[in-house]
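Colleague: Which chain is which? The protein sequence lines are A and B, in order. Residue numbering for the first sequence follows my numbering, starting at 1 and increasing by one per position. Residue numbering for the second sequence follows my numbering, starting at 1 and increasing by one per position.
If you're looking for bench data, these hints aren't it; they were derived computationally from the structure. One or more of the hints may lead you astray.
As the list claims (entries may be wrong) - Computed cross-link-like contacts, DSS-like style, restricted to lysine-lysine with a CA-CA straight-line distance of at most 27 Å:
{"hint": "1", "chain 1": "B", "residue 1": "Lys36", "chain 2": "B", "residue 2": "Lys52"}
{"hint": "2", "chain 1": "B", "residue 1": "Lys41", "chain 2": "A", "residue 2": "Lys98"}
{"hint": "3", "chain 1": "B", "residue 1": "Lys18", "chain 2": "A", "residue 2": "Lys67"}
{"hint": "4", "chain 1": "B", "residue 1": "Lys18", "chain 2": "B", "residue 2": "Lys36"}
{"hint": "5", "chain 1": "B", "residue 1": "Lys41", "chain 2": "A", "residue 2": "Lys70"}
{"hint": "6", "chain 1": "B", "residue 1": "Lys40", "chain 2": "B", "residue 2": "Lys52"}
{"hint": "7", "chain 1": "B", "residue 1": "Lys19", "chain 2": "B", "residue 2": "Lys36"}
{"hint": "8", "chain 1": "B", "residue 1": "Lys52", "chain 2": "A", "residue 2": "Lys98"}
{"hint": "9", "chain 1": "A", "residue 1": "Lys2", "chain 2": "A", "residue 2": "Lys67"}
{"hint": "10", "chain 1": "B", "residue 1": "Lys52", "chain 2": "A", "residue 2": "Lys2"}
{"hint": "11", "chain 1": "A", "residue 1": "Lys42", "chain 2": "B", "residue 2": "Lys36"}
{"hint": "12", "chain 1": "B", "residue 1": "Lys40", "chain 2": "A", "residue 2": "Lys70"}
{"hint": "13", "chain 1": "B", "residue 1": "Lys22", "chain 2": "A", "residue 2": "Lys98"}
{"hint": "14", "chain 1": "A", "residue 1": "Lys56", "chain 2": "A", "residue 2": "Lys70"}
{"hint": "15", "chain 1": "A", "residue 1": "Lys42", "chain 2": "A", "residue 2": "Lys98"}
{"hint": "16", "chain 1": "B", "residue 1": "Lys52", "chain 2": "A", "residue 2": "Lys42"}
{"hint": "17", "chain 1": "B", "residue 1": "Lys18", "chain 2": "B", "residue 2": "Lys52"}
{"hint": "18", "chain 1": "B", "residue 1": "Lys18", "chain 2": "A", "residue 2": "Lys2"}
{"hint": "19", "chain 1": "A", "residue 1": "Lys98", "chain 2": "B", "residue 2": "Lys40"}
{"hint": "20", "chain 1": "A", "residue 1": "Lys67", "chain 2": "B", "residue 2": "Lys22"}
{"hint": "21", "chain 1": "A", "residue 1": "Lys98", "chain 2": "A", "residue 2": "Lys2"}
{"hint": "22", "chain 1": "B", "residue 1": "Lys18", "chain 2": "A", "residue 2": "Lys42"}
{"hint": "23", "chain 1": "B", "residue 1": "Lys19", "chain 2": "A", "residue 2": "Lys2"}
{"hint": "24", "chain 1": "B", "residue 1": "Lys22", "chain 2": "B", "residue 2": "Lys36"}
{"hint": "25", "chain 1": "A", "residue 1": "Lys98", "chain 2": "A", "residue 2": "Lys70"}
{"hint": "26", "chain 1": "A", "residue 1": "Lys42", "chain 2": "A", "residue 2": "Lys56"}
Stated by the list, open to error - Partner residues are not named here, just some residues of chain A that face chain B (Cβ under 10 Å, in silico):
{"hint": "27", "residue": "Arg41"}
{"hint": "28", "residue": "Lys42"}
{"hint": "29", "residue": "Glu45"}
{"hint": "30", "residue": "Gly54"}
{"hint": "31", "residue": "Lys56"}
{"hint": "32", "residue": "Phe101"}
{"hint": "33", "residue": "Thr103"}
{"hint": "34", "residue": "Gly104"}
{"hint": "35", "residue": "Ala108"}
{"hint": "36", "residue": "Pro111"}
Stated by the list, open to error - If the Cβ cut is set under 7 Å, some of the chain B residues that face chain A in the computed set are:
{"hint": "37", "residue": "Ala39"}
{"hint": "38", "residue": "Pro42"}
{"hint": "39", "residue": "Leu43"}
{"hint": "40", "residue": "Phe105"}
Cβ atoms here follow ideal geometry from the backbone N, Cα and C, with glycine treated the same way.
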Amino acid sequence: QKEVEQDPGPLSVPEGAIVSLNCTYSNSAFQYFMWYRQYSRKGPELLMYTYSSGNKEDGRFTAQVDKSSKYISLFIRDSQPSDSATYLCAISGGATNKLIFGTGTLLAVQP
Amino acid sequence: ETGVTQTPRHLVMGMTNKKSLKCEQHLGHNAMYWYKQSAKKPLELMFVYNFKEQTENNSVPSRFSPECPNSSHLFLHLHTLQPEDSALYLCASSPGPGDNQPQHFGDGTRLSIL
Chain A
1 QKEVEQDPGP LSVPEGAIVS LNCTYSNSAF QYFMWYRQYS RKGPELLMYT
51 YSSGNKEDGR FTAQVDKSSK YISLFIRDSQ PSDSATYLCA ISGGATNKLI
101 FGTGTLLAVQ P
Chain B
1 ETGVTQTPRH LVMGMTNKKS LKCEQHLGHN AMYWYKQSAK KPLELMFVYN
51 FKEQTENNSV PSRFSPECPN SSHLFLHLHT LQPEDSALYL CASSPGPGDN
101 QPQHFGDGTR LSIL
């Protein structure tokens, strides 16, 4: 079983839609959860950073962590064509200080 | 200049060539990382440096040789690479080595091996 699972997509939505991106993980010791956004021909950019369970909101973006289900989500409200990118989840904690990345979900927001 | 800067942005080399990738961070961070990103695969951690000392080598073949002369600069020396080494090579930095430290990435070097 992979440590972090993420649906690669692609996910195509119309402008203005609510987008839900998800990852599952296997190690209950993980406690730091991040979302990165990667535009084509660019490096990953840190979007959201959360510790332990709960929600964190930043503008149109909400990160949600459910440690009991080992499930993390990123919600994008009022999606825009400029949100079109690959979204990577990254998780760390426990016995290792490494970041474990998902494969990334390719999102396309259609105008 | 701010953030993490990588040069060159693109590199095409033959299997017998020797080249180097360069990374520079202007964030005052103490930890630096090399990652390999291939299509449809998660980022693969290659090397970790904390305060100029290598603390992680993730079973990387010896044809990749890292160098960290100071906390702001990181190099990846390449020699006799294989076609499967074609990928995007990303450099990242973080304030320290702990697992609660988010990493900040450069835009990568797109490497193509002929």
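Colleague: Against each hint, give a clear statement of whether it holds in the structure.
Modeller: Here's how the hints hold up against the structure:
no.: 1; hint: B:Lys36 x B:Lys52; in the structure: holds (20 Å)
no.: 2; hint: B:Lys41 x A:Lys98; in the structure: holds (17 Å)
no.: 3; hint: B:Lys18 x A:Lys67; in the structure: violated (46 Å)
no.: 4; hint: B:Lys18 x B:Lys36; in the structure: holds (18 Å)
no.: 5; hint: B:Lys41 x A:Lys70; in the structure: holds (21 Å)
no.: 6; hint: B:Lys40 x B:Lys52; in the structure: violated (31 Å)
no.: 7; hint: B:Lys19 x B:Lys36; in the structure: holds (16 Å)
no.: 8; hint: B:Lys52 x A:Lys98; in the structure: holds (17 Å)
no.: 9; hint: A:Lys2 x A:Lys67; in the structure: holds (17 Å)
no.: 10; hint: B:Lys52 x A:Lys2; in the structure: violated (31 Å)
no.: 11; hint: A:Lys42 x B:Lys36; in the structure: holds (14 Å)
no.: 12; hint: B:Lys40 x A:Lys70; in the structure: holds (23 Å)
no.: 13; hint: B:Lys22 x A:Lys98; in the structure: holds (22 Å)
no.: 14; hint: A:Lys56 x A:Lys70; in the structure: holds (17 Å)
no.: 15; hint: A:Lys42 x A:Lys98; in the structure: holds (22 Å)
no.: 16; hint: B:Lys52 x A:Lys42; in the structure: holds (26 Å)
no.: 17; hint: B:Lys18 x B:Lys52; in the structure: holds (23 Å)
no.: 18; hint: B:Lys18 x A:Lys2; in the structure: violated (35 Å)
no.: 19; hint: A:Lys98 x B:Lys40; in the structure: holds (20 Å)
no.: 20; hint: A:Lys67 x B:Lys22; in the structure: violated (39 Å)
no.: 21; hint: A:Lys98 x A:Lys2; in the structure: holds (15 Å)
no.: 22; hint: B:Lys18 x A:Lys42; in the structure: holds (25 Å)
no.: 23; hint: B:Lys19 x A:Lys2; in the structure: violated (34 Å)
no.: 24; hint: B:Lys22 x B:Lys36; in the structure: holds (14 Å)
no.: 25; hint: A:Lys98 x A:Lys70; in the structure: holds (18 Å)
no.: 26; hint: A:Lys42 x A:Lys56; in the structure: holds (25 Å)
no.: 27; hint: Arg41; in the structure: holds (7 Å)
no.: 28; hint: Lys42; in the structure: holds (5 Å)
no.: 29; hint: Glu45; in the structure: holds (7 Å)
no.: 30; hint: Gly54; in the structure: violated (16 Å)
no.: 31; hint: Lys56; in the structure: violated (13 Å)
no.: 32; hint: Phe101; in the structure: holds (4 Å)
no.: 33; hint: Thr103; in the structure: holds (5 Å)
no.: 34; hint: Gly104; in the structure: holds (8 Å)
no.: 35; hint: Ala108; in the structure: violated (17 Å)
no.: 36; hint: Pro111; in the structure: violated (26 Å)
no.: 37; hint: Ala39; in the structure: violated (10 Å)
no.: 38; hint: Pro42; in the structure: holds (4 Å)
no.: 39; hint: Leu43; in the structure: holds (4 Å)
no.: 40; hint: Phe105; in the structure: holds (4 Å)
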